[in-house]
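All chains, full assembly: derive it from the sequences and hints.
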Amino acid sequence: MRGGWFKVYTLVYLVFLFAPIILLPMFAFNDATVIAFPLSGFSTKWFAALADDPPLHDAVRNSLIIAVTTSILSTTLAVFAARASTRYRFPGKAGLMGLIMLPLVLPEIIVAVSLLAVLLGLGVNLSILTVILGHVLICTPFCIAILSSAFQSLDRSLEEAAYDLGETSFSTFRLIILPLVMPGIISSLLISFTISLDEFIIAFFLAGTQATLPVYIFSQFRFPQAVPVIMALGTILVCLSIVLLCIAEFFRRRGLARSGAKDTGGFL
Amino acid sequence: MTAKPTMIEFRDVQKYYGDYHALRGINASIRAGEFFSLLGPSGCGKTTLLRTIAGFEDISSGAVLIDGKDAAQIPANKRPTNMVFQSYAIFPHLTVEENVGFGLRRAGLDKAEMGRRVGDALAMVGLTGFGKRAAHALSGGQRQRVALARALILKPKVLLLDEPLSALDKKMRELMQVELIKLQRHVGITFILVTHDQEEALVMSDRIAVMFEGQIAQLDDPETLYRRPKTRQVADFIGTMNFLPATVLSDTPDGCEVEVAGLGRCRIAADQAPPGGNGQDTVVGFRPETLTILYDGQAAPERETPGKVEEVVYYGDMTYYDVKLDGVSAAVRLSMRNVPGRPVLDIGTRARVAWSPDALVLFR
Numbered sequence: 001m002r003g004g005w006f007k008v009y010t011l012v013y014l015v016f017l018f019a020p021i022i023l024l025p026m027f028a029f030n031d032a033t034v035i036a037f038p039l040s041g042f043s044t045k046w047f048a049a050l051a052d053d054p055p056l057h058d059a060v061r062n063s064l065i066i067a068v069t070t071s072i073l074s075t076t077l078a079v080f081a082a083r084a085s086t087r088y089r090f091p092g093k094a095g096l097m098g099l100i101m102l103p104l105v106l107p108e109i110i111v112a113v114s115l116l117a118v119l120l121g122l123g124v125n126l127s128i129l130t131v132i133l134g135h136v137l138i139c140t141p142f143c144i145a146i147l148s149s150a151f152q153s154l155d156r157s158l159e160e161a162a163y164d165l166g167e168t169s170f171s172t173f174r175l176i177i178l179p180l181v182m183p184g185i186i187s188s189l190l191i192s193f194t195i196s197l198d199e200f201i202i203a204f205f206l207a208g209t210q211a212t213l214p215v216y217i218f219s220q221f222r223f224p225q226a227v228p229v230i231m232a233l234g235t236i237l238v239c240l241s242i243v244l245l246c247i248a249e250f251f252r253r254r255g256l257a258r259s260g261a262k263d264t265g266g267f268l
Numbered sequence: 001m002t003a004k005p006t007m008i009e010f011r012d013v014q015k016y017y018g019d020y021h022a023l024r025g026i027n028a029s030i031r032a033g034e035f036f037s038l039l040g041p042s043g044c045g046k047t048t049l050l051r052t053i054a055g056f057e058d059i060s061s062g063a064v065l066i067d068g069k070d071a072a073q074i075p076a077n078k079r080p081t082n083m084v085f086q087s088y089a090i091f092p093h094l095t096v097e098e099n100v101g102f103g104l105r106r107a108g109l110d111k112a113e114m115g116r117r118v119g120d121a122l123a124m125v126g127l128t129g130f131g132k133r134a135a136h137a138l139s140g141g142q143r144q145r146v147a148l149a150r151a152l153i154l155k156p157k158v159l160l161l162d163e164p165l166s167a168l169d170k171k172m173r174e175l176m177q178v179e180l181i182k183l184q185r186h187v188g189i190t191f192i193l194v195t196h197d198q199e200e201a202l203v204m205s206d207r208i209a210v211m212f213e214g215q216i217a218q219l220d221d222p223e224t225l226y227r228r229p230k231t232r233q234v235a236d237f238i239g240t241m242n243f244l245p246a247t248v249l250s251d252t253p254d255g256c257e258v259e260v261a262g263l264g265r266c267r268i269a270a271d272q273a274p275p276g277g278n279g280q281d282t283v284v285g286f287r288p289e290t291l292t293i294l295y296d297g298q299a300a301p302e303r304e305t306p307g308k309v310e311e312v313v314y315y316g317d318m319t320y321y322d323v324k325l326d327g328v329s330a331a332v333r334l335s336m337r338n339v340p341g342r343p344v345l346d347i348g349t350r351a352r353v354a355w356s357p358d359a360l361v362l363f364r
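So the sequence lines, in the order shown, correspond to chains A and B. Under this note's numbering, the first residue of the first sequence is numbered 1, with each subsequent residue one higher. Under this note's numbering, the first residue of the second sequence is numbered 1, with each subsequent residue one higher.
Mixed in with the good hints there might be a few duds.
Ranges between beta-carbon positions, derived for each pair [to be verified]:
1) B:175 / A:250: 21 to 29 Å
2) A:102 / B:240: 55 to 63 Å
3) A:174 / B:27: 35 to 43 Å
4) B:185 / A:76: 50 to 58 Å
5) A:84 / B:106: 22 to 30 Å
6) B:27 / A:250: 53 to 61 Å
7) B:106 / A:76: 45 to 53 Å
8) A:76 / B:17: 29 to 37 Å
9) B:11 / A:250: 21 to 29 Å
10) A:153 / B:27: 35 to 43 Å
11) B:18 / A:174: 28 to 36 Å
12) B:73 / A:153: 58 to 66 Å
13) B:111 / A:170: 49 to 57 Å
14) A:98 / B:119: 50 to 58 Å
Read the hints as simulated data drawn from the structure, not as lab findings. Note that beta-carbon positions come from the ideal geometry of N, C-alpha and C, so glycine has one too.
Okay, structure coming up:
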């Protein structure tokens, strides 16, 4: 039985990875406050409780505002950066791109602490805006990575051909480049939205009184009676993530099909 | 046929990329309605030169004139030139129809007129009925045709073709060569082709500029280029050429008296021997097909030299022989048409090789 242990290892690995997530809906529909087996009975009361929780609604609203704004801002910035880095040559490009990509590997706690120190030093009030600032900083490198590959795979002569046929550089960008990198832009929007939505450390440091969803969830774990409600919330979030992922994958595949390129695996 | 007006003129065109001198003083004119080729090895500057006509490449000094006007004053999107790219650059998110009609977007045509012109363009390249197809679902040859139709729909004065056939397989390439020649005759506009394939250039062009290292080494019609290459480099690049060392014994206005290794003393006419006085260290070149192996009983029409067959390469219709002429260390290659009743010779056979001084070209 060659590869037998490898199969066992793979199985254990997958169980470890996904079992906690499967527990989430199990307890969300369980009729008891305590998170323990055996399950006592089916109930949707925790979901009902979600509807009746104003601080939670505020947190969701804050998180959505932050995530949407962050994804738009960081994708826009990344379009410029990716275009510049793939199309033009300028002195110090490698160093500059390295610095822009650095937050990918920088511990978030360092980003959070230093941003907090600077903002407090400047006398800026902590709010949704400061969280957006921090999130744009950490999301932009991801967006650049996604968009660079989209711009990179663009044949330079496509632009030249459009220009040669009488278009201006602006209309060439609109008619040729933008449609062809659109799948990349959509991926970038979805990825940065997801990163921002579940980011904790920066939000915890920079949110002030306007808690985001992860910060709110963390604070609720202090109260045992709130735990099943969080399980219900978690279930909804898992479903939402799956939907988002499917949308992103759909657009990626459609983009590939439209340009006739070969599928080289998903972006995740 | 003579005195056609000039369409493109290069006046001492220089191009630097930083320290790299890509174009070194190009002077040439291309006539209206001509099928012109820029031929050379990769990195010789032929594509750069083509791109200066399209406007994708600025020149460092000199001038490019398109139909008498200085091209520097015209941006690339306003030039009366259109280009077929090496990668074809078909817009992958558009249909064939939208690709071909792309250049007409700004012409302000109504739908019916637009459809008619796109239909005409597709018919011209033999793609009638392909209009609604997605561009990425086409084969290489079909993409090539879409690129041609798209470039020709604006009725440019000059069509620029950047190695348009290099991505096709051999059969398709030969087919497209003939189609391109026919198309050029049909539309009557100037075609400028960039290629590294000497055979392609010979087949298709009215005139060819052979380029090496940013300079035009020779600009002539295919036959002159093949039969009377001006330099050894050109001779080597176009077709196969045998070289033998030679000594010039006397140099007169109507030709040279030359002592050629292996072949002996002979006379080369002035148009095949550039003047330069007497001297050693010269080279005489001749094409494989100008040599013939004589069979028993055959007499040489002009001159003959004995030798020994070193290598035989059989091609079906032709056989290539490498023959070592007596008194020469390196073998010369000759090609013979295979005729029934004349067997292919074996390696090691002694043979008499017939040749003519008319076929010799002297390189200094």
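Outcome of the hint check:
no.: 1; hint: B:175 / A:250: 21 to 29 Å; in the structure: violated, 41 Å
no.: 2; hint: A:102 / B:240: 55 to 63 Å; in the structure: holds, 58 Å
no.: 3; hint: A:174 / B:27: 35 to 43 Å; in the structure: holds, 41 Å
no.: 4; hint: B:185 / A:76: 50 to 58 Å; in the structure: holds, 52 Å
no.: 5; hint: A:84 / B:106: 22 to 30 Å; in the structure: holds, 28 Å
no.: 6; hint: B:27 / A:250: 53 to 61 Å; in the structure: holds, 58 Å
no.: 7; hint: B:106 / A:76: 45 to 53 Å; in the structure: violated, 29 Å
no.: 8; hint: A:76 / B:17: 29 to 37 Å; in the structure: holds, 33 Å
no.: 9; hint: B:11 / A:250: 21 to 29 Å; in the structure: violated, 56 Å
no.: 10; hint: A:153 / B:27: 35 to 43 Å; in the structure: holds, 40 Å
no.: 11; hint: B:18 / A:174: 28 to 36 Å; in the structure: holds, 33 Å
no.: 12; hint: B:73 / A:153: 58 to 66 Å; in the structure: violated, 35 Å
no.: 13; hint: B:111 / A:170: 49 to 57 Å; in the structure: violated, 25 Å
no.: 14; hint: A:98 / B:119: 50 to 58 Å; in the structure: holds, 53 Å
Comparing the model with each earlier hint shows violations of hints 1, 7, 9, 12 and 13; every other hint is respected.
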